[in-house]
Each structure stands twice: as structure tokens, then as C-alpha cells.
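K.L.:
Taken in sequence, the protein lines are chains A and B. Mapping the first sequence onto my numbering, position 261 (from 1) lands on 791, and the numbers just tick up by one. Mapping the second sequence onto my numbering, position 382 (from 1) lands on 912, and the numbers just tick up by one.
In short, the hints are calculated from the structure, not lab data. Careful, some of the hints might be misleading.
No copy is singled out in the list; a pair is fine if it fits within one copy or between any two copies.
As the list claims (entries may be wrong) - Lysine-lysine pairs mimicking DSS-like chemistry, simulated, CA-CA at most 30 Å apart: (1) Lys-843 x Lys-587; (2) Lys-560 x Lys-946; (3) Lys-922 x Lys-690; (4) Lys-703 x Lys-690; (5) Lys-649 x Lys-899; (6) Lys-772 x Lys-843; (7) Lys-560 x Lys-930; (8) Lys-755 x Lys-649; (9) Lys-587 x Lys-563; (10) Lys-638 x Lys-804.
Below, each chain spelled out in residue letters.
Protein chains: 2
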Amino acid sequence: MSIINLQLLLTGNELINGDVIDTNSAYIAKQVKPLGIDIAKRVTLADNLTVLINEIKIMSQQCNLLIINGGLGPTSDDLTAEALSIAANLPLTENPEALLHLKSWASKRMYTLDKANLKQAVLPDKCNIIANRTGSAVGIHININDCDIFCTPGVPSELKIMLNEEIIPYLKKQLPPQEFLHTTRLQTYGIGESQLQMIMQEHLAALPTTIEIGYRANAPTVELKLITHTEASYQLKTTWLKKIHQVLNDHILGEIKTNDLTLPMCVYEQLLEKKLTITTAESCTGGLLASKITALAGASQVFEAGYVTYSNKMKNHMLSVPQTTLDKYGAVSKETVLAMAKGALSHSSADIVIAVSGIAGPTGATVEKPLGTVWLAWGDSTTLHTQHFVVKGTRLYFQKTVVARGLDLVRRFLIKSSHSPLYIK
Amino acid sequence: MSIINLQLLLTGNELINGDVIDTNSAYIAKQVKPLGIDIAKRVTLADNLTVLINEIKIMSQQCNLLIINGGLGPTSDDLTAEALSIAANLPLTENPEALLHLKSWASKRMYTLDKANLKQAVLPDKCNIIANRTGSAVGIHININDCDIFCTPGVPSELKIMLNEEIIPYLKKQLPPQEFLHTTRLQTYGIGESQLQMIMQEHLAALPTTIEIGYRANAPTVELKLITHTEASYQLKTTWLKKIHQVLNDHILGEIKTNDLTLPMCVYEQLLEKKLTITTAESCTGGLLASKITALAGASQVFEAGYVTYSNKMKNHMLSVPQTTLDKYGAVSKETVLAMAKGALSHSSADIVIAVSGIAGPTGATVEKPLGTVWLAWGDSTTLHTQHFVVKGTRLYFQKTVVARGLDLVRRFLIKSSHSPLYIK
Chain A
531 MSIINLQLLL TGNELINGDV IDTNSAYIAK QVKPLGIDIA KRVTLADNLT VLINEIKIMS
591 QQCNLLIING GLGPTSDDLT AEALSIAANL PLTENPEALL HLKSWASKRM YTLDKANLKQ
651 AVLPDKCNII ANRTGSAVGI HININDCDIF CTPGVPSELK IMLNEEIIPY LKKQLPPQEF
711 LHTTRLQTYG IGESQLQMIM QEHLAALPTT IEIGYRANAP TVELKLITHT EASYQLKTTW
771 LKKIHQVLND HILGEIKTND LTLPMCVYEQ LLEKKLTITT AESCTGGLLA SKITALAGAS
831 QVFEAGYVTY SNKMKNHMLS VPQTTLDKYG AVSKETVLAM AKGALSHSSA DIVIAVSGIA
891 GPTGATVEKP LGTVWLAWGD STTLHTQHFV VKGTRLYFQK TVVARGLDLV RRFLIKSSHS
951 PLYIK
Chain B
531 MSIINLQLLL TGNELINGDV IDTNSAYIAK QVKPLGIDIA KRVTLADNLT VLINEIKIMS
591 QQCNLLIING GLGPTSDDLT AEALSIAANL PLTENPEALL HLKSWASKRM YTLDKANLKQ
651 AVLPDKCNII ANRTGSAVGI HININDCDIF CTPGVPSELK IMLNEEIIPY LKKQLPPQEF
711 LHTTRLQTYG IGESQLQMIM QEHLAALPTT IEIGYRANAP TVELKLITHT EASYQLKTTW
771 LKKIHQVLND HILGEIKTND LTLPMCVYEQ LLEKKLTITT AESCTGGLLA SKITALAGAS
831 QVFEAGYVTY SNKMKNHMLS VPQTTLDKYG AVSKETVLAM AKGALSHSSA DIVIAVSGIA
891 GPTGATVEKP LGTVWLAWGD STTLHTQHFV VKGTRLYFQK TVVARGLDLV RRFLIKSSHS
951 PLYIK
């Protein structure tokens, strides 16, 4: 636990009526996190003086660090300085330092300060100001009820500079020597969030509590986070990671290092590494599979051709699926997807193939083949696998799920996985 | 002033630590606005039981309507039901209705409920539940301290359905008889939000103030809303709608009646009405165009085949683009997209075609053909049009923009538009 208890107060009509999506608080959270500081509470208010004063009074009693964002501008709805002066019981006076900043800001821009601008130099008496390298509004640093309050501009670029150049360095000085924070982010596919949690509880019950576990579903993948706070627990974690890999095996796509790790990215990386190309033969997913691969920069190195054969006629024309196969087994069958896969391989000269045919709905179902029935075939010219699923849900859910499983099955083929995914019963 | 004083409480570690940007509260604000309700305060908390209970107690005393968002899921960090039960001083019991919902939800997906899922049916005793048409978690409706509390899921798609189908209709009933409110929603494509606003101001300056104008960008379309509050202004609106249609002409896709009106839907409706089929020949968009059409239920009536010809070789093999054309003009040229379009028409026997070839980046640009260069060809066997664009932005933005323009150009071809879109300079 950090000795700092941070709360966040955002002010702005545009934030609360939904005209502007708040990204500042996520930014602040990410910046203070490495200091071991979590935000305990975040309050967003409209520009209303009474409400603002009241909330400042309450929050300054609940926490020992309060960052206020917004309301420092020149217009009449910018109320932070006034609210602070009343909450702190200090008169509003013209702050010489703030005035100097305003004048220098204006002269650099060959801009003449108007009355509204000058309001920005009128601050609670004897407060400290925080430098603002880019904007007109200075920040305010004041103490109310033993709570350190920092007021920052709502303009994201100004907030960022003020936070990184002024507030974070100040906070670092207040904190005891830094703890040893380390986060491992494992990307998984094929296990739902609650199922993943149960598996972890069941198989890894002895996991030390010093290794914090977190889950984040970001369909179709679920991220598993392991956070440690000391050197010792970090060492422990490396041991436990091996056990986690044994339990979850190839449901783990890999470790998320920077941004994200998606199924198409995994397939792409494997193809690139092995110098292979892939082709797609799609019926019910109608180009979605191909589009997931071609959405990646550099796709041309692994992808040359995709076939969207929505009708039976086109499965025959474009992929040479024998008419007899279609007549005898139907479009949604093991035999047809195998023929689609073979056709796509030979027509495209690709090394790897994935073929899909199914009933996305809402029509097209029969008694033998209910809505959501789908056949997949994947592999290369020597080995082709097939699998049948029934995926229930909307048309969109069906298409997305089939594409995700298709990509996962190709990924497992490419890494020569010997494990079976949980979604194959 | 509304008689309803609404506050919002969001819960989720991911919201407060910045992993997820909160878009739900903006959505809620926009949806309650037409009822004359503003959000007075918004509090965001981490998943901490004590803090949550405390805040529910405080907020339920400050307002008479509280919407809680998040914390209804199956995992151990979903604490809303427990916090409510303690704040309301009601025991947690298994809710038969919620259990029924869970079982029906699971059986539709052929999914076996686990212990974690079943937790979602354990709710404060005797609370009302709110239906959830798509997700596993039901909503909770409870009264604490004379405050109406609605608990909604954090998953945006589920929140939207629950809000629009359950909570808004409930709130409407609580409000005094509604004035004569009428909203016309026009869907537009090809004019940016601010440009649309400027055009409206310039050409329709005399529009009466009793006709309220609203804009909503939902890329790639922009919705233009015309709201009237009296019978008289409604009559006025019908006259002004004609003028708006004259000014914006075929940038208007149509009137949004229920859910949404998208470019693929417009193309689909036209094809269906005219009993025509379409085929796609894609290079740089890699299947995305085909997938937009096949995402629609009933796509098989208008779509049989799509060609994803990512390499030159495949443009030649699959679409019979002459090698000499590719050699002489390159893959990204008027001549190549025309040959792709002709090839796709003859190979698929479709009536209508759209062909695309461009440089999505980040590599592949030359001095003559900068990044973002794209050629489109569209039409039928008697008339093929071509157009060249340079679309600057990320790979994803490029692909989405090209797909949208391609669909819009096909739509304009099908409705025999005599107007030129603004995005063709």
C-alpha cells in the first residue's frame, strides 16, 4: 500500500454531458502507477460553483492527494480558482508570478491579454503556482485539510507537460524509495474469463498472495496479468509462470510486451518466421478472415489470395469443389470444406490454408444442421485437419467466433501444438 | 429543471487505472438528455467493497436516481450486488428470475453454467431484475433512501440494450406527460461533422430556432437530427426537410427509422430491390469490402463471390488481369482496377462490381504513387466508372475509408445519382 491516497476531481460540462470523452484521467492513472500510486476515486462534476466547493471540501478530507483537472481557463465557466479560495477560506488575489507567466505567454505569441485572460492570474491568496510550459493557465498547488491539492488544465497536452515536468517529480520526492513493481501480461484465447479464473483457482491454488492476479477480457482474447511488488516475489513469479504455462499450455498466445497481441498477429508472425504463405477459402465468414490478415502491415509477405465463395456455384467455379460433393454432402460439410481447402491451395499455390463453411443465419438451418453449424478445414498440402462446431448467437457473433477459432487452429497447426483447445469438446 | 436528479456511479479497476477509457457514461448522458435529464455528478471507483458500499450510501442520499455501471459480471472483482445488499441492509439470496435468465442464456449458447456464472443470480433479496437480451448478467433495480437505483452491465453493447429497452422507457413513465416531441434522424455520408454544420449554417441560416439541430458522428456516417417540440414546429419541419434534401442531396443515405442505417445496408437494399447481384475484387482492402456485405443477414441473395487478389500474380490468375497491364501501369492504376472489375464480372456472372487497388502502407509508396493512393472501379457490364483518391492516415483508416467510399459509389450508381459527392474534388 502506498502512503499516498490519491483522488481525482474532474470538472467540465462537456465531460459530464458526454460531448467529450475523458482521456485525461486514464493518462494520470498510467503516469502515477509506476510510483505505486493508485487512484482511489474519481469524481466528475458539471461547472457549478456550489457543487464544486462542496466536493473539494469532502474529497480533501477523504484523501491526502487530490488532483483537480479542468476549470482553469479564462471563461466564466472556469471556476476552479474561485471554488478553491472559498473551500480554503482564502481571498482571491492577483498572483504576481501567475501574471508574469501570462504576460510572457502572450508576448511570445504577439497576443494582447484581455480581461478574461487576466482572470487566470487571480488565485487563492499565497497559493503556489505550477509552471505551464505551453498554455496560458498556470497550475495551482494548495493545501486544504492536510490534503495536497494540484489543479491542472483540462487541455490534454498541457496536462501532460505539467504532470510529467512538475507534479510527478514533486510526488517522487515525497515517496519512500521505490518498490520493485513488475507486471507480466499473458494473452490467452479459447478460455472465457470466468472459466480462466476457475482454472487458476483449481490448479494454482497455492499461488502466493504476493503474486497479484488480474483478468481483462478483450474479446476474443482474455489477458491474464501477474503483478509483483518485490524482488523476492518477482523471483517467485518466474517459477510460477512455468506452472501456469503447463496448465494453460497453448491457450496462451504469448506475453504482451507493448501494445497488444492478437490472433492474426500470432498467425502472421509464425508464417513470417517459417517463410510460409496462407490462403483463405470462405463461405459464411464472407471475407472477414482474409480482412483480419490483410489488416496487418506487411500482409503481402504472407498472403496472396483469398476466395469468398458464398454460393455453391462459386465454390465449384473458384475452388473446383466437385458438384457431386456439394450435391451429396451439402455446402456445410466436412467433404466440402476439405475440397475448398484443397482447391484454394492448388489455385493459389499458398503453403497454408483455412477453409470455412457454415450457417451464419438467421435462415438456412435444417434439422441435421442447426443454426450456427460450421465446418473448418486447415493445414497444408500434406496434412489437412477438419473440425465441426455449433456456434450459437447473433450472425455477427457467429462470424467473429468462427474467424477467431479458425485463426487459432491455424496458429496451433503452425506451432505444432500437441494440446487440444478447450473449445473442442 | 427536471424533477429527476441523476447521478452515475461507475465501478471497475480497469476504468480507474486507465486500462479502459470510459465511453459508457457519455452514452448514458446522451440517452437521458432527450428526457430533459442531466447527470449532476459521476463517481468512478475501483473494485473495493467497502468504498463501494460507502459511496452507494452517500449518493443515494444526494440524488433520486442513481445508475450504477459495472460490477455485475461473474468474477470475484464484480461486487455490485454484494455492495447493494449491504447498503440496502437486505440479505443476498438466489433470485429465481435471474437464475432462469442465466439458464436460458447458457442453453441458447450450449454453454454449461459454472459456479462463477451462478454468482450472477445471487442478488439483494426481493430486488427487481432488469432484462438483458444479450448478456449473462441481469440488471438490478432497487430503492435505497428513496433513491431509484439501476445497476447496469459494464459491457457497452449490453448497457446500450438495457438502457434503451428497459431503463429509458421506465424513466419516461416517471416523467410528467411528454410534450409533442418529434425527432427526424437523417443519415449522411461523405461530409464531415464540422463541414456539415457549416453547410447547414450557410445554406439554411433561416431555419427556425424551434427546429433544434443535432449532429452525431458515427464513422463513417454522420447523423443529422432535427428535433421539434410542438405540433406547429413539426409542420414547419416537413417543409424545411425538402430544402435540406436539396442542399445535401445524395449525401443523405436516408432516414434512420429504428436502429441504424449503414452504407452496406443501403447497397444491399438497392440490390435486393433491383434483383441484382454484386461481386468484389479487392487488393488493398483485403476482404473487408466483401465482409461488410456478407455481415448482413440475407447477403446470399445479392452476393455470390468475392476475390481477394493481394498479389499481382493473383490479379492475373483469379481475375485475368493481363500481365501486360500490370507491367505497364502497375497494380495501382486505372487500367488494372478496370481489368479487375471486368474479370470479376465475367468470372462471377454478377451484375454489379466494385474493384479496389491501392497502397495501404506503411510501405509500397513511390514518388508518383504516394502512400494512400487508391484506384476504384465500379459499375456493371455496360458502364464502368473509375476514380482515384489519396487517403492519408493509418493503414486501418485507409482501409475503412476506401471501403466506405467504394460502397457509397456503388450506392450512388444504383440510385442513378446525378450529384457528385464532396469527397470527389
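K.L.:
It remains to establish, for every hint, whether it holds in the given structure.
P.N.:
So, going through the hints one by one against the coordinates:
| no. | hint | verdict |
| --- | --- | --- |
| 1 | Lys-843 x Lys-587 | neither (68 Å within a copy, 65 Å between copies) |
| 2 | Lys-560 x Lys-946 | neither (36 Å within a copy, 50 Å between copies) |
| 3 | Lys-922 x Lys-690 | between (33 Å within a copy, 21 Å between copies) |
| 4 | Lys-703 x Lys-690 | within (19 Å within a copy, 45 Å between copies) |
| 5 | Lys-649 x Lys-899 | neither (58 Å within a copy, 34 Å between copies) |
| 6 | Lys-772 x Lys-843 | neither (51 Å within a copy, 45 Å between copies) |
| 7 | Lys-560 x Lys-930 | both (26 Å within a copy, 29 Å between copies) |
| 8 | Lys-755 x Lys-649 | between (42 Å within a copy, 23 Å between copies) |
| 9 | Lys-587 x Lys-563 | both (25 Å within a copy, 29 Å between copies) |
| 10 | Lys-638 x Lys-804 | neither (37 Å within a copy, 41 Å between copies) |
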